[in-house]
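Undergrad: In case you want the letters, here they are:
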Amino acid sequence: MTIEKNSFLSMQTTEELAQLLARCALKDRRAFESLYRASSAQLFSLVLRIVKDQDLASEVLQESYVKIWNRAGDFRVDLAKPLTWMGAIARNQAIDLIRRSSSQPVTASEPIEEFNWIADDTAGPAELVSQGFEEQALHNCLKQLEGPQRQAMLLAYFKGMTHDELAHHMATPLGTVKSWLRRGLMRLKTCLEDK
Amino acid sequence: MRYQDPRLTELLAAEYALGTLKGRARERFEKLLQAHPNLRRQVREWELRLNQLAESAPPVAPPAAAWSGLEQRLFPETQRPRWFERLNLWRSLALGSSAMAGLLAVVLLVNTPQETPGYVIMINNTQSQQSAWMVSAPQDMDRLFVKSLKPMDLPKDVRCLLWLQPEGSQQVYALGMLPDKGDEMVLPVARDKRTMMPGQLMVTVEQVGDSMPTQPSGPIEYKGKWMPVKI
Numbered sequence: 034m035t036i037e038k039n040s041f042l043s044m045q046t047t048e049e050l051a052q053l054l055a056r057c058a059l060k061d062r063r064a065f066e067s068l069y070r071a072s073s074a075q076l077f078s079l080v081l082r083i084v085k086d087q088d089l090a091s092e093v094l095q096e097s098y099v100k101i102w103n104r105a106g107d108f109r110v111d112l113a114k115p116l117t118w119m120g121a122i123a124r125n126q127a128i129d130l131i132r133r134s135s136s137q138p139v140t141a142s143e144p145i146e147e148f149n150w151i152a153d154d155t156a157g158p159a160e161l162v163s164q165g166f167e168e169q170a171l172h173n174c175l176k177q178l179e180g181p182q183r184q185a186m187l188l189a190y191f192k193g194m195t196h197d198e199l200a201h202h203m204a205t206p207l208g209t210v211k212s213w214l215r216r217g218l219m220r221l222k223t224c225l226e227d228k
Numbered sequence: 025m026r027y028q029d030p031r032l033t034e035l036l037a038a039e040y041a042l043g044t045l046k047g048r049a050r051e052r053f054e055k056l057l058q059a060h061p062n063l064r065r066q067v068r069e070w071e072l073r074l075n076q077l078a079e080s081a082p083p084v085a086p087p088a089a090a091w092s093g094l095e096q097r098l099f100p101e102t103q104r105p106r107w108f109e110r111l112n113l114w115r116s117l118a119l120g121s122s123a124m125a126g127l128l129a130v131v132l133l134v135n136t137p138q139e140t141p142g143y144v145i146m147i148n149n150t151q152s153q154q155s156a157w158m159v160s161a162p163q164d165m166d167r168l169f170v171k172s173l174k175p176m177d178l179p180k181d182v183r184c185l186l187w188l189q190p191e192g193s194q195q196v197y198a199l200g201m202l203p204d205k206g207d208e209m210v211l212p213v214a215r216d217k218r219t220m221m222p223g224q225l226m227v228t229v230e231q232v233g234d235s236m237p238t239q240p241s242g243p244i245e246y247k248g249k250w251m252p253v254k255i
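First to last, the sequence lines map onto chains A and B.
Residue 136 in the numbering used here is what sits at position 103 of the first sequence, and the numbering runs on without skipping anything.
Residue 67 in the numbering used here is what sits at position 43 of the second sequence, and the numbering runs on without skipping anything.
Honestly, the hints are just simulated from the structure, not real lab data.
What you are looking at is a predicted structure, and each value in this text was computed from that prediction instead of being measured.
A virtual CB, placed ideally from N, CA and C, is assigned to each residue, including glycine.
You may find that some hints are simply not true.
[Said to hold, decoys possible] What the simulated footprint calls covered on chain B by chain A, stretch by stretch (three residues with Cβ under 8 Å from a Cβ of chain A suffice, anywhere in the stretch; the number is not a length):
| no. | stretch |
| --- | --- |
| 1 | 34-46 |
| 2 | 78-84 |
| 3 | 89-100 |
With the hints as constraints, model all of the structure from the sequences given.
TA: Structure, rendered in structure tokens:
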């Protein structure tokens with residue numbers, strides 16, 4: 034009989050998360066708790082950026098993990114990385130919430146976040162190694178986009194902004210914002226497919 | 025239909041995954057998704073592409089209440105802690121071992137909203153008689169709730185191992201490794217050992233790897249006997 038160690042923080046490799054998800058599919062509650070400990074700070078960061086209010090974000094986080102628990106059996110390790118899969122669930126949940134309460138305005142007075150940690154060239158070899166290959170490819174492709182295209186896309190992704198909100202926030206006509214996004218997304222796809 | 029234009033569907037899938045589709049457009053698109061597997065595949069591909077960004081955001085720890093709220097939603101039946109899991113019981117018992125017997129009775133009486141039979145054991149140092157762990161178990165002994173009462177400073181690779189010697193038997197059976205840093209944990213008990221549980225629990229301190237050996241190879245340094253409690 035062995036005992037699970039308490040080092041939840043070190044349980045962050047993709048394989049370990051995938052294993053925990055597999056055990057969650059068998060309704061293993063301890064695995065679920067480990068999964069939560071290992072991933073909730075990453076998901077909460079995503080949700081909080083979109084929802085902003087701490088209590089609402091906590092609510093969304095809980096709803097997300099309820100879905101993760103119920104759908105763990107749908108996770109396919111050959112199709113997605115665990116954190117990518119869980120991140121999609123949490124983001125959809127957060128976006129649904131702000132879209133439902135459609136009147137959550139993004140104020141123009143809010144400082145524009147620069148997302149420096151995305152296009153950060155100062156990341157040392159250690160950080161690069163710790164990133165997966167796909168993630169590196171995504172970062173490289175994002176860096177190749179024009180500034181406003183990248184900015185619009187990251188604001189939409191991390192802040193959950195709509196076209197109107199982006200236009201307002203970036204003080205740019207709606208049509209321009211739409212075409213930034215459209216072109217940005219298509220270039221991103223082409224770039225990723227070339228990698 | 026316009027939705028059959030692949031460039032358009034690709035773009036809608038991308039914007040849906042990105043989250044920029046709003047209101048009616050979002051609802052319309054969600055209806056389409058149900059009917060078109062191809063569209064679902066495109067959305068999934070975009071979600072995978074974009075959500076790699078999820079890992080790059082600096083992590084933010086959620087409030088502790090999020091976990092308890094989540095537990096309550098998913099496993100409401102476990103919400104009322106059973107008596108042997110109640111923290112103040114542990115705290116009171118951790119005060120010291122000399123006054124233990126009297127204290128135990130008092131604490132158990134204080135914490136008595138319902139009657140639940142169970143067992144409790146103090147595992148004491150064989151020399152100093154000081155208590156090092158407290159173990160409790162529900163009546164069916166399917167698991168042990170173990171609390172380390174005093175942090176131990178052990179070298180790496182050295183672990184405290186818990187053994188069972190059933191009453192009237194010379195055999196010793198392995199139960200598991202104990203926490204040694206003042207924390208608590210639940211140790212599941214294999215089915216065949218549950219009925220042997222009345223008897224003596226013993227602890228050896230040994231240098232081991234990650235797995236529990238089947239027999240002790242060091243001297244017994246701590247031991248204790250079960251006492252039934254009914255509250």
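Undergrad: State for each hint whether it applies.
TA: Hints and how they fare:
1. 34-46: holds (count 9)
2. 78-84: holds (count 7)
3. 89-100: With 8 residues closer than 8 Å to chain A, the stretch 89-100 of chain B meets the three-residue bar; holds.
Comparing the model with each earlier hint shows no violations; every hint is respected.
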